[in-house]
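So the protein sequences, as listed, match chains R and Z. Under our numbering, the first residue of the first sequence is numbered 1, with each subsequent residue one higher. Under our numbering, the first residue of the second sequence is numbered 771, with each subsequent residue one higher.
Be aware that one or more of the hints could be misleading.
Unchecked claim - Dumping the calculated SDA-like pairs for lysine to any residue here, alpha-carbon to alpha-carbon at most 25 angstroms: (1) Z:873 x R:88; (2) R:604 x R:439; (3) Z:956 x R:674; (4) R:353 x R:120; (5) Z:833 x Z:895; (6) Z:873 x R:125; (7) Z:873 x R:120; (8) Z:956 x R:421; (9) Z:852 x Z:895; (10) Z:873 x R:82; (11) R:155 x R:88; (12) Z:873 x R:95; (13) Z:956 x R:169; (14) Z:973 x R:138; (15) Z:839 x Z:889; (16) R:644 x R:690.
Quick caveat, the hints were computed from the structure, so don't treat them as lab data.
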Amino acid sequence: MMGIPGLPAKLRFRSLKLRIAVVYAALFAAVLAAVLLLAGNGIARFGEDSASRDLAANARVFDEIIELRAQQMRGSADVLSRDFGFREAVATDDEPTIESALVSLRERSRSAAAFVVGLDGDVVGSSDAALPPATELWDALDGGQDHGIIQIGDKLALAAASPIEVPDRIGWLVLAQPLDAAEMQRLSKLAAVDIDAAVRRASRLPAELARAPLGQVFESDDGERILHHVTALPALQQGVRPRLVLDHSLSKALDEYSGLQLLLAALAAAGLSLVLILSWRVARTITRPLSALDNATRLLGEGKDAKVEVTSDDEIGRLGASFNAMVAAIEERERQITHVALHDGLTNLPNRKLFVEQLDQALARRRDDAQLMIVYVDLDDFKVVNDTLGHPAGDALLRKVAAHLQAVLGEAIVARLGGDEFAILLGDLPANENLAALADRLQSCFGRPIMIDGQQADASASMGIAVAPGDGVDGTTLMKNADLALYRAKRDGKATYHFFEQSLDEQARHRRQMELDLRLAIRDGGFELYFQPLYSMHEERLKAFEALIRWPHADGMISPVDFIPLAEETGLIVQIGEWVIREACRQAASWPDDLSVAVNISPKQFQSPNLATIVLSALASSGLPANRLELEITESIFIANVEKTLEALHSLRALGVRIALDDFGTGYSSLSYLRSFPFDKLKIDQSFVRDLTQGGNANAMIRAITTLADALGMETLAEGVEDEAQAAILRQEGCHQIQGYLLSKPIDARAVHVFIAGMTGDTEGERLRA
Amino acid sequence: MRGPILILTAFALAVPLAASWAAAPAAVQVQIVDERGMPVRDAVVELAPNGGWRGGAIRFGWKPAMAQKNVAFVPGTLVVAKGTSVAFPNLDSVRHSVYSFSKAARFEIDLYGRDQSRTQSFPITGTVALGCNIHDQMRGYIRVVDTPFAGKTDQNGVVRLTGMAAGGYQLIVWHPRARTPGGELKRPLVVGAGRSNQKIALKLR
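Just chain Z, same shape as in the assembly:
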């Protein structure tokens, strides 16, 4: 996306104590705000370790499911690890289909009815934009990540990522309305031991 990307760095607390790295897992709190400083909800924040994740299978603390309820995808934004099979339960009384032309996943699930569910596996990282062929207004996003340190911001625009080791990371912020190429904002981040806070301003549509 075009336009200036404003990054406000409140403070980055990096403690250069190599001995304590392994001993005390770090925690990074990131707050996403818009240009006016209002918290941005449902922005996905990822911390991808430099050199990739080699820590095995990733499991998040939420179900890998994108339900269709009240003619909407619920939750609207879902973070899943690469290779996760996501369920699409239809909780509505109408039928829905699910399709995606995103590069990360191209698929089509034909119409299916109430209380039925379909699954789809997402082996490639990236953003998958979901639509329903018969309900144009339905939007759903699945962010397929390859790091366990990822999450969605809450209503305060805050996400807390913990358990990562100190070191070099790539901080990636994604939001469907972010005015950046691919909707992503990337920046390198050195994570030290202990807690650190990041406040990032996103320009939204």
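Here chain R stands alone, though its shape is the one from the complex:
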């Protein structure tokens, strides 16, 4: 399941549904939280601002209230101060009258104090508490101030002064009302909001309030958030410095908005639940088909039938349809892959794997009294068809053979094992079936030539046959035995069949042992080189030795005839050949300078890409001059690829070594090879030499060959010269060199030196010349 990158493992969900729901809910919650936070903040700020504005506005109201109250008191005072009798009493210092008038004024105006301050400094009055001294009131009163705060006893009071004029001013009537808690509370009720008001002397204010700027709202937070507003009130008395302190509880003001915030939170919670439910439902509509797909995918992975039901035509539905199409496509491809895996692409026949399976099944089904026949078929000369007509032609041949076999052998199982090998399985044969007749009939299937692109191609085949239960009861054994029988049939010649015999098995075992021994001999240097002298009749001298490999074995010397084909078959010839080149060069380097060494190069060795390198290396390490090394090749190297062969020959020639054509006169003996490459020497096959003394036209053949070679500037050498008569004829017919038992059989390296010494003694030479 994909995870959100960076999400801690424990926050990853096993369920897409849960994840969608949680992610959407979390997203919504985050947005809600942000909105709530903003709204809450906004409300709080609005609350604070409006509380602050309220307080400021109410502070102005309070000023007005106090002003009005003072005016009201002034009005009360004026009534008395303008009263003629009162003025007369004051003017005449009639204190009893004054006091009685003041008492009645106090009662009428419900004031706490009423007193007269005379111009002369007398204070006469009616009060519950001590009146301020006239000296402290004088300046303000004389300055024309008609109201302000004074101190009565220990309380601050609002005082209004009304001048007493008779008609000149002789004093003031002062009416005072304490601004105590009760009075301030009464005044506070006039305010629109809940305000605590108090009038206090500036010197008695708490430090925080004393420091506060006048006329501005500021906040203190001492457990409860409180807004303060401090204004200076006019003082009628010196040194009083009254301050009106208004307190408005911000916390309480904000409490009014908490209901709104609660409502918001409730709305948010409701929204969140709704989103949770909806996103859960939406997630389910998405994930239900997804989990069906998940299930189907798992089933598909387990190789079971997996189809999903397509219920909608949206993306999910299309996904389901695509999934179904994909499943169908996978099934089809699987079927094709299985077919390809079990069939041969070229012929569409079952391949080896399927053949083995079918064989095993057939063996399992086989009744005790029934026989089962396995035939391995290998087309003869298929390689020739491939090489001469091209691979497409080879493929066409294979297809035609396959089609023909299928058509003819309807009930048999025909398989292509690879290359030009086919296998045929015939089951359920009665115990008394004539197997040889059956084999003949099979053989006849391949007898006819096949036309490819207008050209006739030979489609004959060799067959190896194994029969169950006689040759084995399990597939592996039967197939191995059929293969061995095929191998034998091939060796017996083409277009034939061979039934498996136990001896084939033993031969095969022998070959395997010999291959093993070959490898050991290569590793341990178990080979030896023998040399057979080459004598020039022109120059009357020993010319060269041909290096011949020998394999001393625990069972005696093994002939190259026995092990070289095996080495060719297994490819070991390349390593053996390399050793031969190196050893021959090493030996030849110890010979007199006018003696060369001839080394046979097998076709397989010739095709190996590094032959020139090996030759160069052998020359270099032995110190042998290149012109003393002669490489003998056979015509068969031209069969594969003429151009490539010529190229290789020229590159060898470029090294300076001589090239001799061995076994000339046998095989294809196409004269075009002679024209296309200037061999240094032609080695005339010993079969021509053997016939020389028996009359006939052998002389003419030799003469023709030597004439041809002379004309092409090539030397000639006759192999297998056994007696003087043959030598004489060869000399007469113009052959340059001879090789054979007349001179010496192959001898080992030590004997070579003795032989050379003997030849320089020249008895042999004299004998030959005679």
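Model the placement of chain Z on the given structure of chain R, informed by the hints.
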């Protein structure tokens, strides 16, 4: 009244010639200015001889009357000798009363109408502040003096007092708005023969 009393004495010309005292009556010119040096009008200046006036009845050159005209006392300040009977003719179309709670004279004259007059005698020296019971803004002052050498300053703040004999005097300056106790400023003055000038600064409200 409180506050410093600034007295600027420009010059006091005193000629110590005793022989010429009786022969040539002296003249004293007093100028009253306020703190800013502006002339103060209607200030009453008196020269009271030390030991009191013993020269008999005093008569001034103006009528001892305080009329009520255009809801005001006219003249606003009247200087009368002790014992003078002052007339209060009502020249207005409204009725007026006259009262005084001053120590020098306490009286009340009930409302009386146009073209009526009342009189009141002032036997005690001092300042009598007059008011009308029904017109608070009406102010009148009668300065009752016991010396013939008294007068009001003119619009230049100057009053010229003549005819006094050389000798020791008490110079008294009064003005209703003077910021001095009782509105008075007193200082001794030796008057010599001939003319002398006094310039006195008054602190006014």
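Status of each hint after checking the structure:
no. : hint          : result
1   : Z:873 x R:88  : 12 angstroms, holds
2   : R:604 x R:439 : 35 angstroms, violated
3   : Z:956 x R:674 : 175 angstroms, violated
4   : R:353 x R:120 : 143 angstroms, violated
5   : Z:833 x Z:895 : 18 angstroms, holds
6   : Z:873 x R:125 : 23 angstroms, holds
7   : Z:873 x R:120 : 14 angstroms, holds
8   : Z:956 x R:421 : 164 angstroms, violated
9   : Z:852 x Z:895 : 6 angstroms, holds
10  : Z:873 x R:82  : 20 angstroms, holds
11  : R:155 x R:88  : 32 angstroms, violated
12  : Z:873 x R:95  : 16 angstroms, holds
13  : Z:956 x R:169 : 22 angstroms, holds
14  : Z:973 x R:138 : 18 angstroms, holds
15  : Z:839 x Z:889 : 16 angstroms, holds
16  : R:644 x R:690 : 35 angstroms, violated
In the structure shown, a violation is registered for the earlier hints numbered 2, 3, 4, 8, 11, 16, in ascending order.
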